[in-house]
Amino acid sequence: MVPFFVMIKCQLGKTYQVANAIADAEIASEVYSTSGDYDLLVKFYVDNDADIGHFVNEKVHPIGGIQDTKTIITFKAF
Numbered sequence: 200m201v202p203f204f205v206m207i208k209c210q211l212g213k214t215y216q217v218a219n220a221i222a223d224a225e226i227a228s229e230v231y232s233t234s235g236d237y238d239l240l241v242k243f244y245v246d247n248d249a250d251i252g253h254f255v256n257e258k259v260h261p262i263g264g265i266q267d268t269k270t271i272i273t274f275k276a277f
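Under our numbering, the first residue of the sequence shown is numbered 200, with each subsequent residue one higher.
These aren't lab readings, by the way, just hints derived from the structure by calculation. Each hint can be trusted.
Calculated cross-link-like contacts (lysine-lysine; reagent style DSS-like; alpha-carbon spacing at most 25 Å): (1) LYS242 with LYS275; (2) LYS213 with LYS258; (3) LYS258 with LYS242; (4) LYS242 with LYS269; (5) LYS213 with LYS242; (6) LYS258 with LYS208; (7) LYS269 with LYS213; (8) LYS258 with LYS269; (9) LYS208 with LYS269; (10) LYS242 with LYS208.
Taking the hints into account, I'd like the entire structure generated from these sequences.
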């Protein structure tokens, strides 16, 4: 499995709605609220041969209340 993170900027007042929708969809390993430019930091895992771009486009972007995302692909855990 390949881990990656998505930073999510939500529409105003929609952070809890987005976080709950991600949790309810059971597509994420962990969901954190954050401060700064983005409202949520979400950790996902996909199969080694999966396309991360397609996953984000098909599973994350359709969730209502999301304004913007930034995907962070990881290489190695220490």
